[in-house]
Amino acid sequence: MWKNRAVQTLLIGAASTSVLIVVLIFLFLGKEAAPFALTPGLSALFDSKWIPVSFQRERFGILPLLSGSALVTLLAMLITIPFSVLGAIYIAELAKPLEREILKPFIEILASIPSVVLGFFGLVVLAPLVKSFFGLNTGLNALTGAILLSIMAIPTVISISEDALNSVPHVYKRASLALGASQLQTIFRVTVPAALPGIIAAVMLGVGRVIGETMAVMMVTGNAAIITANPLDPVRTMTATIAAEMGEVPFGSVHYQALFCIGVVLLLVTFGLNVIGQQVLRRYGMRQ
Amino acid sequence: MKIKALFMISLCIFLFGGCKASNQEGDKNAGGEKAAQKTHKGLSIKGSDTMVHLTSSWAEEFMKINIGSEVSVTGGGSGTGIAALINATTDICAASREINDKELSLAAAKNLKPQGVAVALDGIAIIINQANPVSFLSQEELKKIFTGEFTNWKQLGGPDQAILVLSRESSSGTYVFFQEHVLSKADYTERAKLLPGTSAVVQSIATDKWAIGYVGLGFAQKAGKDIKTVAVRKDDKSSAVEPSVETVKAGLYPIARKLYFYIGEKLSAQTQQFVDFCLSDKGQAIVQETGYVTIK
Numbered sequence: 459m460w461k462n463r464a465v466q467t468l469l470i471g472a473a474s475t476s477v478l479i480v481v482l483i484f485l486f487l488g489k490e491a492a493p494f495a496l497t498p499g500l501s502a503l504f505d506s507k508w509i510p511v512s513f514q515r516e517r518f519g520i521l522p523l524l525s526g527s528a529l530v531t532l533l534a535m536l537i538t539i540p541f542s543v544l545g546a547i548y549i550a551e552l553a554k555p556l557e558r559e560i561l562k563p564f565i566e567i568l569a570s571i572p573s574v575v576l577g578f579f580g581l582v583v584l585a586p587l588v589k590s591f592f593g594l595n596t597g598l599n600a601l602t603g604a605i606l607l608s609i610m611a612i613p614t615v616i617s618i619s620e621d622a623l624n625s626v627p628h629v630y631k632r633a634s635l636a637l638g639a640s641q642l643q644t645i646f647r648v649t650v651p652a653a654l655p656g657i658i659a660a661v662m663l664g665v666g667r668v669i670g671e672t673m674a675v676m677m678v679t680g681n682a683a684i685i686t687a688n689p690l691d692p693v694r695t696m697t698a699t700i701a702a703e704m705g706e707v708p709f710g711s712v713h714y715q716a717l718f719c720i721g722v723v724l725l726l727v728t729f730g731l732n733v734i735g736q737q738v739l740r741r742y743g744m745r746q
Numbered sequence: 005m006k007i008k009a010l011f012m013i014s015l016c017i018f019l020f021g022g023c024k025a026s027n028q029e030g031d032k033n034a035g036g037e038k039a040a041q042k043t044h045k046g047l048s049i050k051g052s053d054t055m056v057h058l059t060s061s062w063a064e065e066f067m068k069i070n071i072g073s074e075v076s077v078t079g080g081g082s083g084t085g086i087a088a089l090i091n092a093t094t095d096i097c098a099a100s101r102e103i104n105d106k107e108l109s110l111a112a113a114k115n116l117k118p119q120g121v122a123v124a125l126d127g128i129a130i131i132i133n134q135a136n137p138v139s140f141l142s143q144e145e146l147k148k149i150f151t152g153e154f155t156n157w158k159q160l161g162g163p164d165q166a167i168l169v170l171s172r173e174s175s176s177g178t179y180v181f182f183q184e185h186v187l188s189k190a191d192y193t194e195r196a197k198l199l200p201g202t203s204a205v206v207q208s209i210a211t212d213k214w215a216i217g218y219v220g221l222g223f224a225q226k227a228g229k230d231i232k233t234v235a236v237r238k239d240d241k242s243s244a245v246e247p248s249v250e251t252v253k254a255g256l257y258p259i260a261r262k263l264y265f266y267i268g269e270k271l272s273a274q275t276q277q278f279v280d281f282c283l284s285d286k287g288q289a290i291v292q293e294t295g296y297v298t299i300k
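If you read the sequences in order, they're chains V and C. Position in the first sequence (first residue = 1) + 458 = my numbering. Position in the second sequence (first residue = 1) + 4 = my numbering.
Don't read these hints as lab results, they were simulated from the structure. Possibly wrong hints are sitting among the right ones.
Which bits of chain C does chain V cover? Going by a derived footprint, with three or more residues having C-beta under 8 Å, they are [said to hold, decoys possible]:
{"#": "1", "segment": "165–176"}
{"#": "2", "segment": "184–191"}
{"#": "3", "segment": "201–211"}
Heads up, simulated DSBU-like pairs for lysine-lysine below, C-alpha to C-alpha not over 30 Å straight-line [claimed, not checked]:
{"#": "4", "chain 1": "C", "residue 1": "270", "chain 2": "V", "residue 2": "507"}
{"#": "5", "chain 1": "C", "residue 1": "226", "chain 2": "V", "residue 2": "507"}
{"#": "6", "chain 1": "C", "residue 1": "147", "chain 2": "V", "residue 2": "507"}
{"#": "7", "chain 1": "V", "residue 1": "507", "chain 2": "C", "residue 2": "253"}
{"#": "8", "chain 1": "C", "residue 1": "238", "chain 2": "C", "residue 2": "286"}
{"#": "9", "chain 1": "C", "residue 1": "106", "chain 2": "C", "residue 2": "262"}
{"#": "10", "chain 1": "C", "residue 1": "229", "chain 2": "V", "residue 2": "589"}
{"#": "11", "chain 1": "V", "residue 1": "589", "chain 2": "C", "residue 2": "238"}
{"#": "12", "chain 1": "C", "residue 1": "262", "chain 2": "V", "residue 2": "589"}
{"#": "13", "chain 1": "C", "residue 1": "286", "chain 2": "C", "residue 2": "270"}
{"#": "14", "chain 1": "C", "residue 1": "158", "chain 2": "V", "residue 2": "589"}
{"#": "15", "chain 1": "V", "residue 1": "589", "chain 2": "C", "residue 2": "232"}
{"#": "16", "chain 1": "C", "residue 1": "147", "chain 2": "V", "residue 2": "589"}
{"#": "17", "chain 1": "C", "residue 1": "226", "chain 2": "V", "residue 2": "589"}
{"#": "18", "chain 1": "C", "residue 1": "270", "chain 2": "C", "residue 2": "241"}
{"#": "19", "chain 1": "V", "residue 1": "507", "chain 2": "C", "residue 2": "300"}
{"#": "20", "chain 1": "V", "residue 1": "507", "chain 2": "V", "residue 2": "554"}
{"#": "21", "chain 1": "V", "residue 1": "507", "chain 2": "C", "residue 2": "286"}
{"#": "22", "chain 1": "C", "residue 1": "238", "chain 2": "C", "residue 2": "147"}
{"#": "23", "chain 1": "C", "residue 1": "114", "chain 2": "C", "residue 2": "148"}
{"#": "24", "chain 1": "C", "residue 1": "262", "chain 2": "C", "residue 2": "189"}
Only a predicted model underlies this, so the values are computations on that prediction, with no experimental measurement involved. Note that CB positions come from ideal geometry on N, CA and C, so glycine has one too.
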């Protein structure tokens, strides 16, 4: 009896570690960021300028960083979703076994390319392409960052969407085909709707990857902290700001605390996205 | 269910308690480390990130010559290095700027008189694309470009093209030096692109025809054929000076700085030996190899 209980507590302990880690991370970030709420005050975060090093007046407004992250993420998802969902449909439903054998390993290789390498590729190859295509004077802008990020997100989203499509029961498809529906009708009216929760989960994971990505974004987005909705303007993302400035910021300074505030905001955003994703999943689950 | 909840709560308490305890332990350890560092026979150098490459090259060569000696080099910025010198956690502070009055009074409060030794010179070159016809700029014009007052090359006698302003990240010592000496402490334009590292600036200027940026002299000389340096004149009366080892050494090129070692008054034999080595012919040859300008 006690053995049973011992094993059970051990398992609960193991299962709840991640909960604890999340709580601890929140606490740690909060602890480092908290002094910022006292001295400059939280309202300083809602400034429209991010000028952390200045001989005039240091300003720690995260609005340009927030809008930068949002713009890059939005653009990246606009590119990622059609490519990866259509790709997943092809691989899961239409591809011949041989095609699948070739396509899948390459998608996996794409997923495993380190982000710094992709960033370098973006800087040297992609940025000049974007520059000449749009006739700009530089290729370092939000769009280049978004394209690069979608290259990173596509393999993840394809793999998970494909799993979701494959897990749709075969009887659904057979029933649809038996009722006289064409293959395309079956795919878009039966299989995809049935796999939709999984596809949405895949997209949410993709968003998570995109918004948290740092290195590649830092190398190609130009990092100018301006508020803009123009894809061809440079933007500075939250992650790039933390990565670029944390290295040499004086420990415990207001700037240091401001960077932790960005960390908290980033965490809250990803946390919020996760919660929304869960809600969507639950609602779709109930409808079926 | 109740048991589970109880268990979770106790686990939390246990972990947080542990966390706090280990924190205190960490503080103690840090204190111990400080004491240990003082008695340790190795030499530690801390400070400017601009100089890390130079000081670590010196340290490597020094350790090769003096077998058994240990020199550790860390960056962190000139300010960090000076603070470390005042707190006696480093033997030598590498600084790409002079110590300021506030830091001197902090040191005086601890009965310290930091001595500065200039060990090398560094010039900051303004670089543009080879296709850009502009060949010289005044310091005033540079200020206006980097603060966003000038936005088009035609305001500087060039073609009708928008100026693309490139800068290093704000954590860079060069960023601060440039802001202080060229921008007269004004803020950079918010349209300036902050690039992570010198190579990114060089790469971007090589491909973007109407970009302008600043890099250390050593990098500018190795930057390749797509890039050219701009001659700089101090004001309208003086003549424009090309950045080069000679002009920096002669004090003609306006955007240059001295790189310092700051050391305490009483030196250990090893510290003295290391500083002497850096100023020796061999040490100064390394200065040249790493792209800086020799002091002698």
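Hints, one by one, checked against the model:
no.: 1; hint: 165–176; verdict: holds (count 7)
no.: 2; hint: 184–191; verdict: holds (count 4)
no.: 3; hint: 201–211; verdict: holds (count 4)
no.: 4; hint: C/270 - V/507; verdict: violated, 46 Å
no.: 5; hint: C/226 - V/507; verdict: violated, 36 Å
no.: 6; hint: C/147 - V/507; verdict: holds, 20 Å
no.: 7; hint: V/507 - C/253; verdict: violated, 39 Å
no.: 8; hint: C/238 - C/286; verdict: violated, 34 Å
no.: 9; hint: C/106 - C/262; verdict: holds, 20 Å
no.: 10; hint: C/229 - V/589; verdict: holds, 21 Å
no.: 11; hint: V/589 - C/238; verdict: violated, 35 Å
no.: 12; hint: C/262 - V/589; verdict: violated, 39 Å
no.: 13; hint: C/286 - C/270; verdict: holds, 25 Å
no.: 14; hint: C/158 - V/589; verdict: holds, 22 Å
no.: 15; hint: V/589 - C/232; verdict: holds, 21 Å
no.: 16; hint: C/147 - V/589; verdict: holds, 27 Å
no.: 17; hint: C/226 - V/589; verdict: holds, 25 Å
no.: 18; hint: C/270 - C/241; verdict: violated, 46 Å
no.: 19; hint: V/507 - C/300; verdict: violated, 44 Å
no.: 20; hint: V/507 - V/554; verdict: violated, 54 Å
no.: 21; hint: V/507 - C/286; verdict: violated, 48 Å
no.: 22; hint: C/238 - C/147; verdict: holds, 11 Å
no.: 23; hint: C/114 - C/148; verdict: violated, 42 Å
no.: 24; hint: C/262 - C/189; verdict: holds, 19 Å
This entry does not satisfy hints 4, 5, 7, 8, 11, 12, 18, 19, 20, 21, 23, going by the numbered hints stated previously.
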